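Residue numbers (the working numbering), protein chains in the order written: chain L, 1 to 218; chain Y, 1 to 484; chain D, 1 to 644; chain R, 1 to 322.
Just to be clear, a hint being listed does not mean it is correct.
What the hints assert, rightly or not - For each label pair, taking beta carbons as the anchor points, the in silico distance ranges come out as:
#1 R:Ala285 with D:Val535: 36 to 46 Å
#2 L:Lys199 with D:Lys90: 54 to 64 Å
#3 D:Ile191 with Y:Trp39: 49 to 59 Å
#4 D:Ser447 with R:Glu61: 28 to 38 Å
#5 R:Ile183 with D:Arg586: 48 to 58 Å
#6 L:Lys199 with Y:Lys296: 27 to 37 Å
#7 D:Leu416 with R:Leu173: 24 to 34 Å
#8 Y:Pro270 with D:Asp600: 48 to 58 Å
#9 R:Leu173 with D:Ile191: 50 to 60 Å
#10 D:Leu198 with Y:Gly269: 29 to 39 Å
#11 Y:Thr20 with L:Lys199: 27 to 37 Å
#12 D:Glu140 with R:Val290: 49 to 59 Å
#13 D:Cys541 with R:Ala285: 28 to 38 Å
#14 D:Leu532 with R:Ala285: 37 to 47 Å
As the list claims (entries may be wrong) - Just so you have them, the derived chain Y footprint on chain D, three or more residues with Cβ under 8 Å:
#15 167-181
#16 621-631
Treat the hints as calculated values from the structure; they're not laboratory data. These figures come from a predicted structure and were not determined experimentally. Heads up, the beta-carbon is just placed ideally off N, CA and C, and yes, glycines get one too.
Take a look at the letters that make up each chain.
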Amino acid sequence: MAGISENWLNLVLLVLLTSGLSIVYSNRVQKALNWWTVQTIAVSLLILAQGVYHDEPEVIFVGVLLLIGKAGIIPILLRRVLRESKTAWVGEIYLKRATSLVVAGALTIIAYDVTKPLMALPQAGFRNGLAVAIALIFFGLLLMMIRKVAIVQVVGILLIDNGIFLAGFFLTQGMPLLVEMGSMFDILVGIVIIVILSKQMLENYDSLNVDHMRSLKG
Amino acid sequence: MFIGVAVIAAVGMLISAKVTYLKLLNSLALVLLTLSGGWTIRQTLLQGSYGYGSGILYWDALSALLLSVIIIIAVYVILFSLGYMEKEVHEKKLPRTSLKWYYFWIWIFIATMLLVVSTPNLGVLWVGIEGTTLATTLLVGFYRNKKAVEAAWKYVILCTVGISFALLGTMLLFAAAAPHLGQSLTALDWRMLPKIASQLDPNLFRLGVLFTVVGYGTKVGFAPMHSWLPDAHSQAPSPVSALLSAVLLNCALYAILRWYTIARLTELGPDFIGKILIGFGLLSLALMVGFILMQKDVKRLLAYSSVEHMGILALGFGLGTQEAVWGASLHLLLHALTKANLFVIIGSLVQKTGTRQIPRIRGIFKVWPFTGIVMVLGLLGITGTPPFGTFRSELSILSGLYKTDHPILGFLTILFLTLIFAGFLFHFLQMFYGKPSGRYQAGESVSTLALAIPLLVVLFLGLFIPQSLNQALNQVVKVILGGV
Amino acid sequence: MANKESQSVRQLLMSLCIVLAGAGLVWGFVTSRSGDWVQTGLKFFTGEGAERWLSWKVDGLTMFFLFILLLGQGFSSLYALGYLKEYEEKKKSLWPFYVNWFLFLGSMFGVLLADDGFSFLLTWEMMSLFSFFLVLYENEDHQNRRSAYIYLVMTHVATVFLTAATLFLYTKTGSFAFEVWASGAPTLTTIQLNLVFLAFFIGLGTKAGFVPFHIWLPHAHSAAPSPVSSLMSGVMVKVALYLFLRLVWLTLGPGPVWWGWLFLLVGALSAFVGILSASVQSDLKKLLAFSTIENVGILGIALGSAFLARSWNNDWAMDLALVAFFWHTLQHMLLKSLLFMEAGNIIQATHTRNLERLGGLLKRMPKTALGALIGILGITALPPLGGFWGELILFQSLWTNTLNLTNGWSKVVLPLAIGVLALVGGLSIATFVKWFGVSFLGQARSSVTERATEAHFVQVLAPLLICGLAVLSVLWPSATLALLNLPLSVLRTSDVERIRLALGTPLNLSSSYLVLLIFLTVIVVLLSKRGLRRVTATWNCGAPLTPSMQYTAGGLTNPIRVLFAKVLGSRRHVEGDFGGTRYSLRSLRYEGRIKEVFEDFLYRPLIRGLVWLATQIRKLQEGSIHLYLGYLLITVIVVLIIGR
Amino acid sequence: MDELYAVLTRLLMGLGHLALILVVAPLLQGFIKKSKAFWQMRQGPSILQPYRDLRKMMKKEELISEHASWIFLLTPRVAFAATLMAALVIPNAWGWAPLSGWGDLFLFGASLGLVRLFLTLAGLEGAGTFGGMGSSRELFVGLMTEPALLLGLIVLAFITETTSLQGMAASLLNVSPIFIPRILALITLGMVSVAEMGRIPMDNPDTHLELTMIHEGMLLEYTGPSLALLNFSEQVKQLLLLILLTQIIWPSGLITGGDGFLGILWALGFAGVKVAVLGFFFATAESLFVKRRLFRAPHFLATSTASAILALVSLWIIRGQI
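Can you build the whole structure from these sequences, using the hints too?
See the structure below:
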């Protein structure tokens, strides 16, 4: 990350973290989706910037792909499903918004705590970035855990995905292209499949409320 | 090459939904698969390892073991599902057009699994595992009814999350390895990694291993991440369930094993990861006792027993003693055979009776004696009753527990196994006897007995283990314990 | 046509079984004469790829029990030859029976021959499994299925202990072979040794039917077809006892004194509880099964006395105890299988196992009755038949043990064991008088019994042959003693000749007693010949005599029930219908019930706890995906925190 | 030649032993009846009455229940023979038993057990109520007497360090008669013999009221020779028990056959006196007490067992081994 100065980096990280928190906090699916888009753009910009500085074409390529594929296609897909299902509110379960924020904070602390041993490593801002990445992953999981609507769970997955990309960005100065592509492709297909599923869910339950599906027990 | 075969076959399935066409294509594909796969396995075992295309694909004894499992089970299950799916269509459970999609996804599924065991690169391996998840999701939800969708949803959500943890872990590993192997694919190559394992940065690697074990563990179905497993297995078409629990779980376990071999050589030492695996194994065993004892749904029963056996395997590998690992590798094979057989026979039973509820199934021996016999064999096999091979393997694993001075744990493990046996016996006895409800149409062909072939193999292996197999297993042990 | 076919199959298979048994006996006789014991095995692989042997061995000890097994096999097969006919007439497929019958016998041979822990566990499990299937053969009755289930689960739980002990010894000594264990045993610490012993005790004791691990036995033995019950009761139980000698006596070596005490006390308890429950049973076969528990208890006392004598190195008492043990093993095997066969005959003739519905069978099935009479004479440990002489020697051993002790309360406890044995003897007389008297004597208590006819020829022949053998063993004690020498020469170091000489006297006493008794009886009969006889009605205060006026099976032993009400947890419920006045009684209903004390206070709570736990565990999986994700999150965090 | 001689003498002596017991048994019965009559202020039958009864019954016709089987007829014979077997191990006047040897004290009890088994079976033969009642009660009493009898004898065996009745009698000669364990054992055996002889308070030999009888209940169906045999064997059993007791209370007067004819006679006379005294004692006791309820029997026999255990403990305490 030579090139991007420490401060810029931290600023981006701050943006990411806050966006993640506000996804957890948001009360409408729409909002959550928007926040997520912002976050994705930030991540992809980060990657692009790095690509530009080191002029590694493949990294730039990945960045662009990210920008188009994730910030572009996925939100559109999800919005459509959202419109069909006429769901606006994220159904809260277990935790209300405020408390969920508190929990999210706790998770952030855990993330930092877990990554403490990595301070020793040479790369600059490494630990900080990784901590934020892991925090984002936790947020995603938390979100999926405490919200009923299927789409929100999808957002959760995407949030986790962002976290992983962030982590990838820090851990691997441009991970092997093959893996990058593979993972991204997987995410795309995954989302597509999930969308299909949520359509089927609509057919069967005519709502996206995951909580209806608890017939398989024991 | 056989990956190619699988993919081509998969695409080919889409061309037409004619029964004869599908039958032909399937059997052709199976033959090719068996030939190419068998040849590879043979080469691998003869030379100890075998590469293809400048090591883009690479196999050693461990992958060979998994490869053989995949191929055997694939052949067995697909041959079975030819008849089975026909029936389903006949009984209007499925539209005829869906058949081709069924086979398409099955073959994609097989292809991804073959990829998993054929690549020497942990990154690609991850891609493969994720691929299996996606390939199977629609198979799990194949019946498209409420329950099916629910199962599929839980399956895909949980597994995707789990897998993404694994990806994070892989990245961490990459970061740790890159300084020594360069920023390239080789940094994730499990042929290289053990060589430089001792130099890996322990902190990064520890974090990586933890994330990976949890991630892949979700896919293997270690308790408490197992919760997707019974739903998926019970809702999927029975052949798919057979594939899922006989092969897919093993593939995920294989991924963990690759990490395991590396982790043993790092500064963290063999105990670190060993303890984690043992922990997960025991937890899975202990929890499954409860689920199995009180189970009402026969397919879920089998699913839970898969979790239990994954626990046993984790235990065996985690112990890391010669004998335990040997037993575990043997058990991997035997469990795959037995479980596939059970799912198949239970599947046909469920098809006949039209219910999965154990209390509603009665008097099998009166109505379908042959099915009954196969089920008895399956029962004995899965519960590790002598003279079945599972007894041998479980005994070796247990003796490993004692070797490493855990007599108490050993005792508990045996106790759990016995309780599980009690549960199984109870449910199966209920189904065997009593007066059958009139609805069943009695009568079945002797050919049902042919389904029991894998079990007979298991039985034979319990009494006598041929030299060749023993050597192969020892090679596997060497791979797992001795790095390359 | 099909019937004829299956008939020939039956005859073929069973006679094959008998021939094999005969051949085995001959072989055994020759081998034990020449005394060169076999020791060999099969090649198979272990994890290390090193070769190990699925090894077996025959020595004197094994040979003795092989004789027991072969005798049992021969007689029960002969009996089954006739018994199975009924199923044929019912058009019930016999193949499950045949397959499991042969496999069961085979696995018992395996257990006896096994010379290493692995093959022991293997064959042991198979033995339980196939006997389980045999018990399950009459699976139409739900009760039988339950019995079989209880049986298999209990043996499996027992096997948990055996496996644990085996693996422990294996890892300690690095081998499965019994010899290596024996040589390695002294290196274990006392605690380890005791734990291993306890594991063996529980594991084998369950199979042998020691109280309180006995609850499966009455269920299983009464549910099984009679040939199977006679085999299980006569032989399989003994196999478990054999393993006590093999694994504890010979392998773990002379342990601390309390081992002996454990055997003695558990044995006494089993003997008492067993015969007490038997005496109040009114089920033809359950009664016999409980009496099996009693006899196992007696054998346990003998073992205990032997162990004690060994640790007090009192050779003489030890020899006596061992002789008593083997003698009683032999006798009980003969007599109990005999009685089960007779019970089988009754059941086939009357289709009921309930004593209250039998009666007056002696006139209808005289040959069966004769065998049964000799059987109960032997089993009640009365002279002149075998049961008594075994107990006599056991008494002697306990007595000698006590006498040679320098001091300590043991000198009081051991004679009390004699007292218990005497009490058990008295109870067993009551039990079997009830068993025989109620079923064979008096009047028929139900119509089914009136229609009863004598059983098939071989079903009568087999028991009578056993009777002959039982009498012979007493009439020609030196031969029996020669048989007993086989195991003794293995179990003890000093010379066996001494025993032969010393025991010659009492055992010759046995034969002379038999001869004299018969002689005297004959004389008396001859002397009291004259005088004419007339058959009349039984005197009943002038009132006509109806079958319901006889003493019922319940009534016969009711005093015992009242006396031991505490132990049996027996309760009675009488309700009389007095029509208006207090003096004229219209009808009276009596209902007595007995609690299975051990099931109620030991096993039920256990099961309940287990089920509760299981239901708790199942709550984990109650369908909400949010919860599952929660598990995932928590697991990750926990693992991360533990991991660092 | 010598051996043959030895065997012959042994045989003859054995026959003499049996003959003696057979002859004396009814006499004792008569004597006891007489002494009971004495306490009841009655004339009572002559001492020889039992002989006459036996002879009479042997002549009588025999009635057999229609439900009875061959066991019914076999029982009296076997019972009689088994009683004789018991007689063979009891040391007689000059302390010699034909069938003496290692552990014959167990034989004594066991033979009586054999008698009991057959009697109880015969009780069920008649298919009537009273026979069953008798058998049930007999079994009940029997299972309690056996331990007591055995323990009592065992204690003596410990005192004398031999398990042969003959040896016990011989070596009790030089044990002080007021040796506490001995006395306690004696009490045990005394109470047991009461039970075994079927006397008050356990059973009433004279009653024929169906609801109270035990032993007589089983014999209810018997007539003629069979009844004679059964009564006879009962009398023999009674005599044996008394001899056993006398030889233990006061075994003095044991004289080996070597002392010639006179010696033997003297021994016989002496023993006879002892037995007579004891018999009179029992008769007195019987006249003083009443029959107890059946479910009181356990108390009675428990007492006897307890005293046996007490005897054991006291023995070891006195020997200083506890």
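Against the structure, the hints come out as follows:
1. R:Ala285 with D:Val535: 36 to 46 Å: Cβ of R:Ala285 to Cβ of D:Val535: about 42 Å, so the range 36 to 46 Å holds.
2. L:Lys199 with D:Lys90: 54 to 64 Å: holds (60 Å)
3. D:Ile191 with Y:Trp39: 49 to 59 Å: At 57 Å between Cβs, range holds.
4. D:Ser447 with R:Glu61: 28 to 38 Å: holds (35 Å)
5. R:Ile183 with D:Arg586: 48 to 58 Å: holds (56 Å)
6. L:Lys199 with Y:Lys296: 27 to 37 Å: holds (32 Å)
7. D:Leu416 with R:Leu173: 24 to 34 Å: holds (29 Å)
8. Y:Pro270 with D:Asp600: 48 to 58 Å: Cβ of Y:Pro270 to Cβ of D:Asp600: about 50 Å, so the range 48 to 58 Å holds.
9. R:Leu173 with D:Ile191: 50 to 60 Å: Once the Cβ atoms are compared, 53 Å apart, the range 50 to 60 Å for D:Ile191 and R:Leu173 holds.
10. D:Leu198 with Y:Gly269: 29 to 39 Å: Hint holds: Cβ distance 36 Å, inside 29 to 39 Å.
11. Y:Thr20 with L:Lys199: 27 to 37 Å: holds (33 Å)
12. D:Glu140 with R:Val290: 49 to 59 Å: Given about 58 Å between the Cβ atoms, the range holds.
13. D:Cys541 with R:Ala285: 28 to 38 Å: Because 33 Å falls inside the window, the suggested range holds.
14. D:Leu532 with R:Ala285: 37 to 47 Å: At roughly 42 Å between Cβ atoms, R:Ala285 and D:Leu532 fall inside 37 to 47 Å, so the hint holds.
15. 167-181: Three-residue rule met by the segment 167-181 of chain D, so holds; n is 4.
16. 621-631: Coverage by chain Y holds here, the residue count being 6 at a Cβ distance below 8 Å.
In this structure, none of the earlier numbered hints is contradicted; all agree with it.
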